[in-house]
Amino acid sequence: MKVRFWGVRGSIPVPGRTTNRYGGNTSCVEVRPRNADPIIIDAGTGIRKLGKSLMEDSFGDGKGSASILISHTHWDHVQGLPFFSPLYRAGNQVHIFARQRDLHLEAVFSQQHDAAYFPIPLSAIHGDMHFHELVEGARFEIGKAKVTCARLNHPWVAIAYRVDVDGAAVVYCSDTAPFSDMLLGKDFIERPSFGTLPPPIRDELAAMRADIVALCKNADLLIYDTQFTPDEYKVRPHWGHSRPDDAIEIAREAKVKQLCLFHHAPLRSDDENDQILAHYREVTSADKFTLVSAYEGLEIPLGDQ
Amino acid sequence: MRIKFWGVRGSIPAPGPETNRYGGNTSCVSIETRAGKLIIIDMGTGLMHLGNALMANAFGKGQGRATILLSHTHWDHIQGLGFFPPVFIPGNIFTVWGPGGSPDVLEGILEGQMDPNFSPLQTLKNFAARFDVCAATPSFIAEDLSIAAREHPHGKTTALSFRIEEAGRTFVYASDVGYPETGPDAASIAFYKNADVLLHDTTYKPDDQATRRNRGFSSYEEACAAAIAAKAKRLVTFHYDQDYTDDDVDTIVAACRRLLDPHGIAVTPAREGDELEI
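Residue numbers (my numbering), protein chains in the order written: chain A, 1 to 305; chain B, 1001 to 1278.
Hints are computed from structural coordinates only; laboratory data are not their basis.
Errors might be hidden in some of the hints.
[Claimed, not checked] BS3-like cross-link-like pairs, simulated, lysine-lysine; straight-line CA separation at most 27 Å:
| hint | chain 1 | residue 1 | chain 2 | residue 2 |
| --- | --- | --- | --- | --- |
| 1 | A | 186 | A | 144 |
| 2 | B | 1193 | B | 1205 |
| 3 | A | 257 | A | 2 |
| 4 | A | 52 | B | 1156 |
| 5 | B | 1125 | A | 52 |
| 6 | A | 234 | B | 1231 |
| 7 | B | 1156 | A | 234 |
| 8 | B | 1125 | A | 186 |
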């Protein structure tokens, strides 16, 4: 399979000269098993250009089929979907997978197309869209690929995905806070406090972390939310993002082969991203895994080609 | 009036080296009045960068106030709001004038953007600043200036255009305007009449407009025709299609100059970071 990055940014797209090299589009990763339909993870603004490239293929003839795994429905992970060209060509099949919400998924995605916000209603899309609601721990197959998911620590809850196919495994862990300081769910936290956690919360976080380590076990590639530097995390632990340090700990415990820093902070310049990568390559110089930082256009071959 | 462009792109932000010169952020323009007051038009992703700049002055201390004029609520005109740092500082005061005829309906639409399924903010009520929402009327006063608003067709909906006058100088903002094939009516031309600066939707080249007329945007030819009919002194090109590269926009600007030079109308392309004094 091949893993290709189309959007690597968190929170909001950031066009401009300081993001040319890593890219300014929000989260979107394409997993392309050998001789099979694309599995797309997240539909941030990066999915717009992926859609254009797919239209040059069978999707342009209305004969394509794609699966989109959504980590959660915050804007930076769904905003590109209305601009995904294959949806507007009759005959294409698009399967959307996401964790179940209070509302049915189709209702959630319809809101993005409400007339107040976007000119084309979801009901006017010509391709066939199919919504699949997931719960944590769900296992399912997309063609020859096996998909597993686990809960992440993020406001209103996100899920991580593992895709096993072609003799290799890729795990996508974004967005998540570390599993140490607070449990993030439906409450709005205005001012965070660090302190001793009540035992039930501590245990729930420990179990969540253990599930994530298990999900990542021996993965060939782990893509991890590392939006924050350690200093930034100290003031925003409730925003639901991690530091490279947290990703490295998980990578070590799960014995992954390659770790990829992902979901870069919107105002992080290319030079700052270079410095972060160089620093953490030193930190991990004795580790067995390789460390990369995601940029638009990065393609990583895994397993059978 | 001092106009500054923070986002000049249409539909969706367009990052990449191919948009570096004109910019890839979506619609946001600021106006500093002669009295030093602030009017912001539209809240696309450019608003985040305006907000970061504002934090260096009164807005960083919770002593800022501004009027926000909102043309309509499509994503590319509101997406910056949740990333506008001054709304998280208690003491700042914002008054939004927007479409729909009802402040409750407009507030509900802005609230929907912050729905917990989509935004960690969960609700507008988590803003620390005061954030008042008003329905724009055909004329109103904001920041001591008289402002006129006019609804223009925009695909299946409408978008407001704004005409702002100060000390005998006039700025018109007319983005997301999709005229019928017959072009702007007499009332629209009257709305633009003699503007010192007419900022007008130039989303498309004519060939692209021909196949996408139902989307509710203007071609540069339509913008130039409006500027000529209204005897505007200067046309500002704006709201470039997300697929247009800088070279495409160069083509649009050059074509506008060819059309408007014979009429003595100047052309200024909207470019992120550029300023224009009226």
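Evaluation of the provided hints:
no.	hint	verdict
1	A:186 <-> A:144	violated, 35 Å
2	B:1193 <-> B:1205	holds, 24 Å
3	A:257 <-> A:2	holds, 15 Å
4	A:52 <-> B:1156	holds, 25 Å
5	B:1125 <-> A:52	violated, 39 Å
6	A:234 <-> B:1231	violated, 57 Å
7	B:1156 <-> A:234	violated, 47 Å
8	B:1125 <-> A:186	holds, 16 Å
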